[in-house]
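Colleague: Assemble chains B and C onto chain A, guided by the hints.
Chains as they are written, first to last, in my numbering: chain A, 1 to 324; chain B, 1 to 267; chain C, 1 to 258.
Treat the hints as calculated values from the structure; they're not laboratory data.
Calculated lysine-lysine pairs in the DSS-like style (CA-CA distance at most 27 Å, straight line): (1) A:Lys230 x A:Lys5; (2) A:Lys271 x A:Lys250; (3) A:Lys174 x A:Lys5; (4) A:Lys36 x A:Lys5; (5) A:Lys190 x A:Lys174; (6) C:Lys2 x A:Lys132; (7) C:Lys247 x A:Lys12; (8) C:Lys2 x C:Lys13; (9) A:Lys149 x C:Lys13; (10) C:Lys254 x A:Lys174; (11) A:Lys149 x C:Lys2; (12) A:Lys132 x C:Lys13; (13) A:Lys313 x A:Lys198; (14) A:Lys95 x A:Lys133; (15) A:Lys36 x C:Lys247; (16) C:Lys6 x A:Lys133.
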Amino acid sequence: MIELKNISKTFKVAKRNAGFSEAVKALFKKDYTYIKALQDISFTIGDGEMVGYIGPNGAGKSSTIKIMSGILTPDSGECVINGRIPWKDRIRHVKEIGVVFGQRSQLWWDVPVIDSFELIRDIYNVAEPDYKKTLAQLIELLNICEIVKTPARQLSLGQRMRCEIAASLLHSPKILFLDEPTIGLDAVSKIAVRDFIKTINRENKTTVILTTHDMQDIEALTERILLIGKGRILLDGSLSELKMRNSSHKTLTVDYTGEKLPEYENMSVIKDLNGHAEIIIDTNLMTVSQAISDISANVEIKDISVAGETIDKTVVSLYKEFNI
Amino acid sequence: MKKYMSFFKIRFISGLQYRAAAWAGISTQFAWGGLTVLMFWAFYQDGKNSFPMTFPELSSYIWMQQAFLAMFMAWFFDNEIFDSITSGGIAYELCRPCDIYYMWFVKNMAVRLSRTVLRCFPILIVAALLPSPFNITLPPNPAAAFLFLISVILGFLVLISFSMLIYISAFYTLSPNGVRIIAVSVTEFFSGSIIPIPFFPESLQTIIYALPFSSMQNTPFLIYTGHMNGADTLRSITVQIFWFAAMTLVGRILFKKALKKVVVQGG
Amino acid sequence: MKLYFKYVAMLLKSQMQYKASFIMTASGQFLVSFTAFLGIYFMFSRFHTVKGFEFSEILLCFSIVLMSFSVTECFVRGFDVFPRLIQSGNLDRILVRPRNEIFQVLTSNIEFSRIGRLLQAILMLIYAIPASGIIWTLDKILTAFLMVTGGIAVFSSLFVLYAGFSFFTIEGLEFMNIFTDGSREFGKYPMSIYGEGILKFFTYVIPIALFQYYPLLYLIGRSDNIGLIFLPLMGFLFMIPCYCFFKFGLRKYKSTGS
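For reference, chain A alone in the conformation it holds in the complex (with noise of 0.2 Å):
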């Protein structure tokens, strides 16, 4: 059970301007800027959820994992979580979390990744048997068995992201952060990491707390939403709610042979060359099918394929909907 309430931070920022003469001046004065990382944010996870946490660069993604990771200490506000308030009593608490920083290795760089695992056993303090049990559990889903006596250097990112993920995994966490877990991987690797963070959250009960930019993420994993923007919560519901929000548009794409498209009532063209057309609806004004009819009536039809907006879209419009 994570329990936020009314967490807030500030951070002190020095400016600095550009010049020549202002970087003399800085040598003796120094202004700064106060940046309201999070501002008033409250939410609770349940045991055993799954919640994707998005929001844009420097919206407080991070320091909100911080303290909720006990690395950070808020300005004002309470954070409880498994009953603990993870800056007062870290040790304890960290032993019942696990965090992967997407960009960050926690793996000794020059030595086979199993000696790592090893050795992470040794700071948990993760019992023989339970180590054992846990160990053949991830390498069996993560399908990291050849790799694991390779020195973590010579891994591809693919390849060591997992076994980074089985290495915050150890000490059979009740809670895992995710931060980025995708970044960079190619699509193979993220199917796998993403299947694998299913799994985990439904046989363990595990529960995830997952921020990324990947939206394909989002969709593939959370029903839950915590949309972030300057430091504020703007939305905590579910994907298909945030889908709501924004699906009256859609996008046809056809190729045609005749003349160009004239012009429609309720369609705009926003591209016509040589045969290949894009046209956007407003669902609330016309159906699908309406548009196709119409468009048929003036020219033949070769190809046709109707989108929906897009996730990635749909946060962007979100994103300027709350001005963030």
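Modeller: Below, chains B and C alone, put in the same frame as chain A:
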């Protein structure tokens, strides 16, 4: 020429950004210089007769060394350059419309000069205000001051053309660390940055003066203090010119050869 | 403790992956301290004594300081490169692990190549022990031993202090080099040669002289005060404020995240 100047400007401004670094550097070097002078003072009191320089000359030498530390520090190398050689990233640099040898040369000059300009004046001013004989004094005459200026530029060029050789060695060894560590300790020792060359045993001094290292900081600082004067000065400046020319020439030749290798092997 | 040795084994294994680089760095370390030795040698071939200390006595002092320093640099290296730990974000990793932070910083890095410097220190000691003409009775051996241990305590404290400062300023850290590298450099001579004021500073503020000048006086028979034997133990007291300062910095890190 203009692109090299703007290179300087960027380095200089970014150097200025780090005010804490500048103050920290200045105070460290000041403490360092002070303790060094006191150490020599201890030796001086026990053995005035064996002291190869006058004490004010020694003080001036040490303070000059601290003020111009960033200019003559042997251990400073640009890791980007090493990386671009060992990782093959140099291929990208080949795309730029400048001569890489000179670009690296200027880059090294810029980093060192910007640091020196930032740091030398506070050190020189405070060191000048110290009580005699621990303070830095002006050169004995205008001629010495003038020759110092020429010599310090040449010494700087000699040092950089030497470090260029170390960079270039990375093309051939592919593990530049070893060469680098050895080069740094040898340079430090023979250039007189551990103890000034006049303090070496006389027999060794003859050998040292035949090496390029004495043409780095030793010559300009000894001219400044007035310890080196007359015909010695002109001879040393000639030697500086020789080493600068020789090492640049060797550097250019080796560099061209190395580049051919890179192009042939595809990096 | 068992875990510590596991870390040691792991780091040793890692560094042995790059044997050539290890040997190069170790010999480099040796060479650097060897030129420092040559500097002293040349000074003494010209002057013979400094403030009443002879060459062998200075070597004794230098080798003890260098020995403490190289041992510290090897095992407390994690604090020496602590700024990197902050900048790379690996401190966050340390904070999400259920172990003491100090322990984890200590085990984040051990620099075995410092053996080069240690070798130089041992060679000088081997030369200085007979050359100094000291009769090595039990009390003298104890003195030398405590000097090295006290030195390790003080240098470790300085590294911890250095790491503590890096929570507040990364660029301004060079300032701390006066105390870390400076203590090694200028500690090769007994602190008394720099004059009364400097000796006081290095006694009461940065307690270098406690494991160096004062016990050295007893070691070379310049003083009969038995208390001087145990003075290096005072170095351990220096650990307390340095440790507190580090903890204070860590608290600040946790509240600002930088």
